[in-house]
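These protein sequence lines are chains B and C, in that order. If you're matching positions, the first sequence starts at 3 in this note's numbering and goes up one per residue. If you're matching positions, the second sequence starts at 45 in this note's numbering and goes up one per residue.
Hints in this document: simulated from the structure, not taken from any laboratory. Nothing here was measured: the structure is a model prediction, and the numbers come from that model. Errors might be hidden in some of the hints.
Label pairs and their in silico Cβ distance ranges [as the list claims (entries may be wrong)]: (1) 182/B x 378/C: 56 to 62 Å; (2) 249/C x 182/B: 50 to 56 Å; (3) 412/B x 249/C: 56 to 62 Å.
Dumping the calculated DSBU-like pairs for lysine-lysine here, alpha-carbon to alpha-carbon at most 35 Å [claimed, not checked]: (4) 26/B x 342/C; (5) 306/C x 33/B; (6) 26/B x 163/C.
Coverage of chain C stretches by chain B, computed from C-beta distances (three or more under 8 Å per stretch; other residues unrestricted) [stated by the list, open to error]: (7) 77-86; (8) 107-117; (9) 197-206.
For each residue, glycine too, the CB sits at the ideal point set by N, CA and C.
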Amino acid sequence: MPIQILMPALSPTMTEGKLARWLKGEGDAVKSGEILAEIETDKATMEMEAVDEGTLGKILVPDGTEGVAVNTPIAVLLADGEGDEALQRVIERAVADTAPVAAKAPQASVQPAPAPATAPPTAAAEKVYAKTIRQTVREALRDAMAEEMRRDPAVFLMGEEVAQYQGAYKVSQGLLDEFGPKRVIDTPITEMGFTGLGVGAAYAGLKPIVEFMTFNFSMQAIDQIINSAAKTLYMGGGQLGSPIVFRGPNGAASRVGAQHSQCYASWFAHCPGLKVVAPYSAADAKGLLKAAIRDPNPVLVLENELLYGQSFEVPDDPDFVIPIGKAKIERSGSSVTITAFSRMVHLALEAAALLAKEGIEAEVINLRSLRPLDVETIVASVKKTNRIVSLEEGWPFAGIGAEIAAVMQEQAFDWLDAPVTRVTGKDVPMPYAANLERMALPQIDDVVAAAKAVCYR
Amino acid sequence: MAISKRKVRGAAPAATAEQSIEYYKTMLLIRRFEEKAGQLYGMGLINGFCHLYIGQEAVVVGMQAALKDGDSVITSYRDHGHMLACGMDAKGVMAELTGRAGGYSKGKGGSMHMFSREKHFYGGHGIVGAQVPLGTGLAFAHHYREDGGVCLCYLGDGAINQGQVYESFNMASLWKLPVVYVIENNKYAMGTSIERSSAGTELARRGAAYNVPGKQVDGMDVMAVRAAADEAVGHARRGDGPFILEMKTYRYRGHSMSDPAKYRTKEEVAKMREQHDPIDQLRKKMLEEGQTSEEVLKEIDRQVKGIVGEAADFAQSSPEPDAQELWTDILVEA
Ligand SMILES: Cc1ncc(C[n+]2csc(CCOP(=O)(O)OP(=O)(O)O)c2C)c(N)n1
Ligand SMILES: [Mg+2]
Numbered sequence: 003m004p005i006q007i008l009m010p011a012l013s014p015t016m017t018e019g020k021l022a023r024w025l026k027g028e029g030d031a032v033k034s035g036e037i038l039a040e041i042e043t044d045k046a047t048m049e050m051e052a053v054d055e056g057t058l059g060k061i062l063v064p065d066g067t068e069g070v071a072v073n074t075p076i077a078v079l080l081a082d083g084e085g086d087e088a089l090q091r092v093i094e095r096a097v098a099d100t101a102p103v104a105a106k107a108p109q110a111s112v113q114p115a116p117a118p119a120t121a122p123p124t125a126a127a128e129k130v131y132a133k134t135i136r137q138t139v140r141e142a143l144r145d146a147m148a149e150e151m152r153r154d155p156a157v158f159l160m161g162e163e164v165a166q167y168q169g170a171y172k173v174s175q176g177l178l179d180e181f182g183p184k185r186v187i188d189t190p191i192t193e194m195g196f197t198g199l200g201v202g203a204a205y206a207g208l209k210p211i212v213e214f215m216t217f218n219f220s221m222q223a224i225d226q227i228i229n230s231a232a233k234t235l236y237m238g239g240g241q242l243g244s245p246i247v248f249r250g251p252n253g254a255a256s257r258v259g260a261q262h263s264q265c266y267a268s269w270f271a272h273c274p275g276l277k278v279v280a281p282y283s284a285a286d287a288k289g290l291l292k293a294a295i296r297d298p299n300p301v302l303v304l305e306n307e308l309l310y311g312q313s314f315e316v317p318d319d320p321d322f323v324i325p326i327g328k329a330k331i332e333r334s335g336s337s338v339t340i341t342a343f344s345r346m347v348h349l350a351l352e353a354a355a356l357l358a359k360e361g362i363e364a365e366v367i368n369l370r371s372l373r374p375l376d377v378e379t380i381v382a383s384v385k386k387t388n389r390i391v392s393l394e395e396g397w398p399f400a401g402i403g404a405e406i407a408a409v410m411q412e413q414a415f416d417w418l419d420a421p422v423t424r425v426t427g428k429d430v431p432m433p434y435a436a437n438l439e440r441m442a443l444p445q446i447d448d449v450v451a452a453a454k455a456v457c458y459r
Numbered sequence: 045m046a047i048s049k050r051k052v053r054g055a056a057p058a059a060t061a062e063q064s065i066e067y068y069k070t071m072l073l074i075r076r077f078e079e080k081a082g083q084l085y086g087m088g089l090i091n092g093f094c095h096l097y098i099g100q101e102a103v104v105v106g107m108q109a110a111l112k113d114g115d116s117v118i119t120s121y122r123d124h125g126h127m128l129a130c131g132m133d134a135k136g137v138m139a140e141l142t143g144r145a146g147g148y149s150k151g152k153g154g155s156m157h158m159f160s161r162e163k164h165f166y167g168g169h170g171i172v173g174a175q176v177p178l179g180t181g182l183a184f185a186h187h188y189r190e191d192g193g194v195c196l197c198y199l200g201d202g203a204i205n206q207g208q209v210y211e212s213f214n215m216a217s218l219w220k221l222p223v224v225y226v227i228e229n230n231k232y233a234m235g236t237s238i239e240r241s242s243a244g245t246e247l248a249r250r251g252a253a254y255n256v257p258g259k260q261v262d263g264m265d266v267m268a269v270r271a272a273a274d275e276a277v278g279h280a281r282r283g284d285g286p287f288i289l290e291m292k293t294y295r296y297r298g299h300s301m302s303d304p305a306k307y308r309t310k311e312e313v314a315k316m317r318e319q320h321d322p323i324d325q326l327r328k329k330m331l332e333e334g335q336t337s338e339e340v341l342k343e344i345d346r347q348v349k350g351i352v353g354e355a356a357d358f359a360q361s362s363p364e365p366d367a368q369e370l371w372t373d374i375l376v377e378a
C-alpha cells in the first residue's frame, strides 16, 4: 500500500505552515530518518524527516506553497515494487481528503473582529493616527523595544534566549544584530538572579527590560519583583525607584499542562508599587510596551503566546504611546458591558457578534491596564448598560473579576439591574488532555450565556 | 541490580552477558519509544511540549542499574526515558503523551508530568531546577526513616545554574543526605551552549564549595555510567552524603518538537551519532566479546518493536478522560 505523507505539526501552536522546499524529488529513494522537506512554521524553518522507507512517488504540494494545513497529504510514498496504478489510487484519495482537512478551522486562530456597527467612541480620548501599518503582535513588540532602545541608551533587554536564538518565541528577532551583545543579553537559566540583577541596575538608573521566557518562570523571581522592585520607592521615602519592565507570554498557551499555563494578572495586580498591563492587539502591544519602558516604575507587560502571530493595524508614528491606566472601548453597545483583557478580548468580540444577532448590543471594554484599572470607563459604561460581565482566563478566586465586582458595587450599585457576573477559567490546575483543557478555559458560548443571563434572556 | 555495602570502591566488576543484554534492551526501548512519540507528535496526536531523550539513553539505564528496590528517582520534563528505565509501563506513558484516560496521570499531566508511587518515580517537573530541592527532600525522607534508600536526582546543564541547586547542595552535605545529583550535560540548554551559560564548565566540581564529591563520566557509555553509579550510590547509601555525577551526553533531536536546532552544526550531531551512539557502542562490544549474537539482537529488536507498537495503539485507543476528571484530584478529601 502506498503511504500518504501528511503535513506534520511541528510546534505546539502550529495549525498550518509553508512547504518551503522539497529536498527529495519524485522517483527518489527515501530512507527513514532522511530529510524530506523544509517546512516553515510561524516560528522557524524545520526539517521534516521521513518516517517510512520507499520511493517518493508523487509530490502533491509543491515548493513554496503557503498555508498548508496540518495533516494535509503532501506526498505519496511507494513501497518497493509498487507502480503507477497504486499511486493513482492514493492520489485520488488524497485529493478527496484534502478538502475537509483544510476546511476544519483551527480552534486557536484569532480572526480580526468584525467591524462594530457604530464606530467605537474615542472614550479615553484616543488620539487618531492617520497612517497605520499591518503588523503581528510579535513584530509590534519587537519594534516597541527597538524604538525605545534607539531613543534611550539606558534601555537594555535581558533574558533567556533573547539574543542569539532571537527569542524563544522570536519576539526579539533582529535586536542583537542592531544593538549588540552589550544591550541584548542572553542570561543563564537563573530567573531569581537576573531579575534581582535587573532591579539593582534599575536602582542605579538603568532601564532594564527583563523577558521571562514565559510568566510561569517569573514565579522563581517573584520575591525580587515584589519585595525589591515594588516596595523600594516607598521604603526609601521616595529616594529611589525601579524603572524596569518585566515582560513575556502569560496565560494558557496550548496543551502545555499545569505548570506552563496560568494567568498571573491578579497576582501582580494585587501589589501596590507595580503597574500591570495586558495588551490584546498589536497596537496595544506596541503602545503599552513603549509606555512601560518610558515609565519610571516597575511595569509588568503580560503578553500572550497565542496572539503573537495575529495581525492588526498599528499606528505608524514613533510617538505612538498608549497611556497606562486607560481602557479601550472596542465595540460600543447599550445592552450589556463586557470587560476583558489580552486574548479574552477576542472572545468578547466574537460573543458580541453572536449576541447582536439576537438583538443584544454588548459594549466590549478592552481593559488594557489592570493596575491602575480604568474604573471611570467601566463605571461610565455600566451607567449606560446597567449590566456587566467580567471575562478572564485566570482563576475566579480573588481574580480581576472579583475586583471589578467589588468596585461596581461600590461605585455603580444604583445603576445595576443584574448581579455582576464573572466568566473565568475553571478553579482547577490546567489539565493536559484536549477535552479537559477546553472545558477549563472560557469559551465564547460561556460569554454569550452570561451576557444573556444578566439581560434576563 | 543490588550491590553489597562493601564492593563499591575501585573498578566495578564487568557486566555479565545477561546484564549487558538487559541494558541494551532498555536503551533500545527508550530509543524506539521516543521515535514513535516523535511520529505521533507529527500526526497531531501529541501536543504541547514534548522533549525527546534520544541520544542520552545510556545515562538512565546505567544509573538505574545501581538502584535497589525502594530507591527514588526524580527528574525534569525530559522524562520519558527515566520512566521506562524505572520499569513504568510504556502503554501508560504513551497514553499520557496523547492525553488519554489510560495514561499515568489520567491524561491530566502530559509529557512533562507523570509519576508512579509504585516505582518510586516522583516526576516529571516543568520548572527548570525545581526538582533539585525536591529530590533532596526525597533523600531527606530516606534519611529520616533510615530505610537505606537513595534518591537519584537528575538535572540538566542549564538547570545547574539555578540558585536553588546550590541551596540543595549545601543542605544535603550539611545533613549527609543520601542523594546522587546526576547532571545530564548534553551541552545545550535550549539554544544556549554550556560555554555561553556557565562561567565554569566543569560541572562535576560544582559541589566543591560544599564538600560534595563529583565525577565526570562518559555518559554515552553505559558501562562507564554503571561503574560511576555503583560508586556514587554506594557513597550515598553508606551514609557519606551527596555525590555529583556529571554525565557528558548529547541529545540528537531539538530541545522540544518546535526547535529547529540551528545553534549547532549538522556535523556535530552526525559525529555524535556515528561515533558515540550508546546503543551502537554496546551492540558492537557485545558482539565482539561474544556476549550475544545477531540472532539474539534481532529478537530483541522485534520484542521492542512489539512493546512500542502496542503502546502506540493503546495510546490511540484509550478514551479521553471523563469530563468529571476536570474537578478531581485538586485536594485530598480530608
Ligand atoms: C524556571 C524555568 N525557566 C525557564 C524554563 C524554560 N526552559 C525549559 S527547558 C529549558 C532548558 C533547560 O536546559 P537543560 O537544563 O540543559 O536541560 P535539557 O533540556 O538539555 O535536558 C528552559 C530554558 C523553564 N521551564 N523553567
Ligand atoms: Mg542540557
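Verification of the hints:
A hinted range of 56 to 62 Å holds for the C-beta pair residue 182/B and residue 378/C, which are about 57 Å apart. The hint said 50 to 56 Å for the Cβ distance between residue 249/C and residue 182/B, and at roughly 32 Å that hint is violated. Residue 412/B and residue 249/C have their C-beta atoms about 60 Å apart, which keeps the hinted 56 to 62 Å range intact. This hinted pair checks out: residue 26/B and residue 342/C have alpha carbons roughly 31 Å apart, not beyond 35 Å.
A hinted pair counts as satisfied when its Cα atoms are at most 35 Å apart, and residue 306/C with residue 33/B qualifies at roughly 23 Å. A hinted pair counts as satisfied when its Cα atoms are at most 35 Å apart, and residue 26/B with residue 163/C does not qualify at roughly 45 Å. A count of 3 residues in the segment 77-86 of chain C with a Cβ less than 8 Å from any Cβ of chain B is obtained; the coverage claim is therefore met, three being the minimum. For the segment 107-117 of chain C, the assignment as covered by chain B is violated, since 0 residues bring a beta-carbon within under 8 Å of that chain's beta-carbons and 3 are needed.
Evaluation of the coverage hint for the segment 197-206 of chain C: fulfilled, as 4 residues show C-beta separations to chain B shorter than 8 Å, against a requirement of three.
In summary, the numbered hints that this structure violates are 2, 6 and 8.
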